[in-house]
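Protein sequences appear in the order of chains A and B.
The opening position of the first sequence corresponds to residue 460 in my numbering, with each subsequent residue numbered one higher.
The opening position of the second sequence corresponds to residue 460 in my numbering, with each subsequent residue numbered one higher.
Hints are all accurate, no fakes.
Just so you know, same-sequence chains aren't split out, so a pair can sit in one copy or run between any two.
Calculated cross-link-like contacts (lysine-lysine; reagent style DSS-like; alpha-carbon spacing at most 27 Å): (1) Lys-970 with Lys-944; (2) Lys-790 with Lys-920; (3) Lys-1035 with Lys-962; (4) Lys-917 with Lys-843; (5) Lys-944 with Lys-1035; (6) Lys-962 with Lys-917; (7) Lys-779 with Lys-1014; (8) Lys-1004 with Lys-471; (9) Lys-463 with Lys-538; (10) Lys-779 with Lys-970; (11) Lys-790 with Lys-676; (12) Lys-1014 with Lys-1004.
In case anyone wonders, no lab produced these hints; they're calculated from the structure.
Number of protein chains: 2
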Amino acid sequence: MAEKFVSETNLKFLIHDVFDVGSLTRYPYYGDHNDEVFDMVIDTALKVGEDLLHPYFEEMDRRQPELLDGRVKVHPHVKTIMREFGAGGWIGADFPYEAGGQQLPLTIMLLSEFIFDAANYSAAVYASLTSGAAGLIESFGTEEMKETYLPLMMSGEWQGTMALTEPQAGSSLADTVTSAEPTDEGYYKLRGQKIFISAADHDGVENIIHLLLAKIKGAPAGVRGISLFVVPRERITGDGSLEFNDVHSAGIYHKMGYRGSPIVQLSLGEENDCRGWLVGEPNRGLAYMFQMMNGARIGVGLGATGIASAAYYASLQYSKERQQGRRLSNKDPESPQVRLIEHSDIRRMLLFQRAVVEGSLSLLVQCAYYHDMERLTEGEEKEKYALLLDLLTPVAKSYPAEMGILSVSAGLQCLGGYGYCEEFPLEQNYRDMRIHPIHEGTTGIQGMDLLGRKMVMKDGKAGELYLREVTALIDEALTVDSLAKYARSLEDALELLQTVTAKLMDVAANKGRDYFLADATVYLEFFGIIAIAWQWLKQALVAQKALDEGSAPEKSDFYLGKLAVCAYFFGYELPKISGLATVLTEAEGLTVEMTETLFDD
Amino acid sequence: MAEKFVSETNLKFLIHDVFDVGSLTRYPYYGDHNDEVFDMVIDTALKVGEDLLHPYFEEMDRRQPELLDGRVKVHPHVKTIMREFGAGGWIGADFPYEAGGQQLPLTIMLLSEFIFDAANYSAAVYASLTSGAAGLIESFGTEEMKETYLPLMMSGEWQGTMALTEPQAGSSLADTVTSAEPTDEGYYKLRGQKIFISAADHDGVENIIHLLLAKIKGAPAGVRGISLFVVPRERITGDGSLEFNDVHSAGIYHKMGYRGSPIVQLSLGEENDCRGWLVGEPNRGLAYMFQMMNGARIGVGLGATGIASAAYYASLQYSKERQQGRRLSNKDPESPQVRLIEHSDIRRMLLFQRAVVEGSLSLLVQCAYYHDMERLTEGEEKEKYALLLDLLTPVAKSYPAEMGILSVSAGLQCLGGYGYCEEFPLEQNYRDMRIHPIHEGTTGIQGMDLLGRKMVMKDGKAGELYLREVTALIDEALTVDSLAKYARSLEDALELLQTVTAKLMDVAANKGRDYFLADATVYLEFFGIIAIAWQWLKQALVAQKALDEGSAPEKSDFYLGKLAVCAYFFGYELPKISGLATVLTEAEGLTVEMTETLFDD
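Using the sequences provided together with the hints, build the complete structure.
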């Protein structure tokens, strides 16, 4: 098992040098914190990752959860993890003090979760889901709900979930049919099926609190009739004891990877005794759920980046140790072999991985930073950050998810045959990674969200704000000699983005939505590469300045490494956008117009 | 489990319409065969795939081979498979009559193997490895060897292997150290370790015949000192009985996929009693082994294509059945849901898969066709086919292996969460596929083979012959109105290929081999896309002509489908070459010049 799974240096580079998270503490809300506190949080998270999570990485995969007599049994270490996370204050660490949180910037909480994901993704999910579910109650629940649920969720005694998907609906939430019938007792009676619900039942906690979408009888059709409910597995009786709430575990999925977390099928109200409590107003459930969903989408990008980070360090270590072949220019078979890392092709695969991992992480921190700034500001500024976060969420979910697959695959490839075997972590990283383009909205759905919603909302204001952000960085980088060529490349890329987007808006106007969004997934890929180029230029600028100032000579290899990866990204990855732009501007409605019979033979 | 794993229509389209394999029967060597015979072989292979192999696809994955008391136990069905393959004449079916074969064109044998690979890749490997090993004995062995080994290998009673890799050498065959000491008895005493040897021990056969590379004591260093030996696990004594030959199974690999085949570590000569018999001349072993290796590389491309084919049909079936969401232009949530295949994004993923599968298969048949023509012709013509086959082998291995990963991933994505679960075959396809960029020479090695050897051998003659082949097709397609635009795109691509290649030859001349080959893997990808575009234009031309002639109206959807996939390939895949050309012409030696310390932090 590889020792290293994240770079502490890089985390602190992002926190202090690139995003200056310490500057948030000038606002009273974060006024109790400072740079030292943030470092301490990260140091503690690293220790948790190393001691509590990483040692169980392989074992939790091999001993996967099982459904026995209607209850899901998980690895016994899950209970320890949840309690330790609760005791350490990791669940809901970004909540306000009055809700029991530590009022940590999301930026810092996100980087802590990144560490946990890299250490053992399946193990980290329990707590992050609980944070998300508790967050919904904290934002939209009644005082009574907060008192009932938050303390025990945040202590890790109770698990939280988000329960959306149904058998007949899949990704199509408009087709939700789980029903909620009002009663005079203040609760609703729920009945229906939910599938693919993460951590929806397990014996590592005493109760499971589902934040669940259902339709109140008589509600409008489609997404406008969806409401949000709190549905505990065990409801709390008058005397405080727990009583089974008619939430049955109907099945468990046996998955290729991500096996340390149970994914469960639920059956609600089989005995007509499943009670749910409405959160917020009726029929506004989807809007509320989007708070958790957006967080979960960022969380998926983060999980993907974490897995890719662990795979990168495992392949880097192997490449530094394993002797294999000779330099291409060396024809002497009696000379000693060199290590893999001395081969250009291996270096290319390592650079690719680092480009994906550190580029993705930087974009994710950017999103968290926008979230924090949205919380701290008001009026137009607040709207700006909200729009930027909205726009970038599908990108920050999908670029890491899709490119993470290729990144881990490159890591596996560095090990040759050993990469395919269970004695190294790469094959598990490869299996674990593949869930990410699927859950919390497939890549196809993210593409439609980006192009069909985010780029057009408020007359394209989010896109304009984004252009301004990137342009500001370009202008700064143009003043630095060694980076000017990258700045010009990014300038060209941004122009291409505008051209392509304008072309697609024409398609929307002239040919309608089916044509407009036919290649939204390709647009997402195109947009994502440019966004990551932006983050690389941002990092390179900071690194170049640090080198020029000579303030931290012990880190000069790290800074030079950042410049090398930036060169890699602009040299090897950014050029992909030209082919994608061709697809997007010259597609002729092939997938819209073809008839299904053409797939027959 | 999905029913369909290959398209019979497509196989017959390739055999009769695209490659006119029947025309080979004008040569006396294949004179006993005709189109009906070829159809019968394919029909029989389909039946074998359906009845003998596919039903065990999942089970052989779940009950993987184990090493128990020094012997490898495999699924009991392996024994049946080997005997049935032997009885059916599938092992060495392309061998001459006098060697016990059926003198089948490789083109037909390859398509039969494709069916077996698609049905159950792990199960198909036993026989194809035995064919390859028997082929080496047939080509280079003594009469005595042929009499001793071929009948029992071709009857499926004995297993054949290729044993190259060693612990300290990995991909670097120059560092082979397994030693062979001559004796006066006509055999050599072998001693050494071999790792990652497929089917190197199992209880489905009575003996294992290793075709194994070793160094005779005192041989020159490097690949020029490698010899080829036959090393049976059980040697044949004077009275015909079998006697253990000191070939120990030292370990078995637990792999992510491809689990139905045992991959074994061998220890030879622990008791100084392992006997091997020299094949051909001393120190020429690698040249001989390349016959099997080249076949095995084509076999890897074929296996990858087969797995991708099975995944494509599983995802196509699901997409035709599963209801999910509505057309993007339909905002009415009360209208019925549509099936997945009605969504453009799903169609794009289906077209992508079909483009990869049928494009790869066409290129593989092209290679087999060159092989057959090489066998049938003499002099300059023979050389032409040999060079074309040599040139395209690394492409036919790597394009399917690398793109097959993405193709299966797209298939899995069509199923959403179900694609990630064990109840559908996609997750196993995904795991099985990942071996292909690794075994029989990694993609990196194929890249160096293509650019560093094949494109430069005989002053670039192979590349010139290839240009002529593609140009001939372009000229023909230019005369067909509906295809002229694709012909012009391919013309441009070919010009770009020449520009990029010329640029790299300059780099070779001016900066040496390290710079020349630094991005050989990228060159391989670039070259591969153009080669597949060539095969798609070739297929489209045949389909368009068939439509114009109206000779088979019942197949018009199939032909129109071919044109749609061709349009997809030229619209979505070929544009990728512009970005790759940028990388190849503007790379500045980043991976050659950077120091390893830049990976530190």
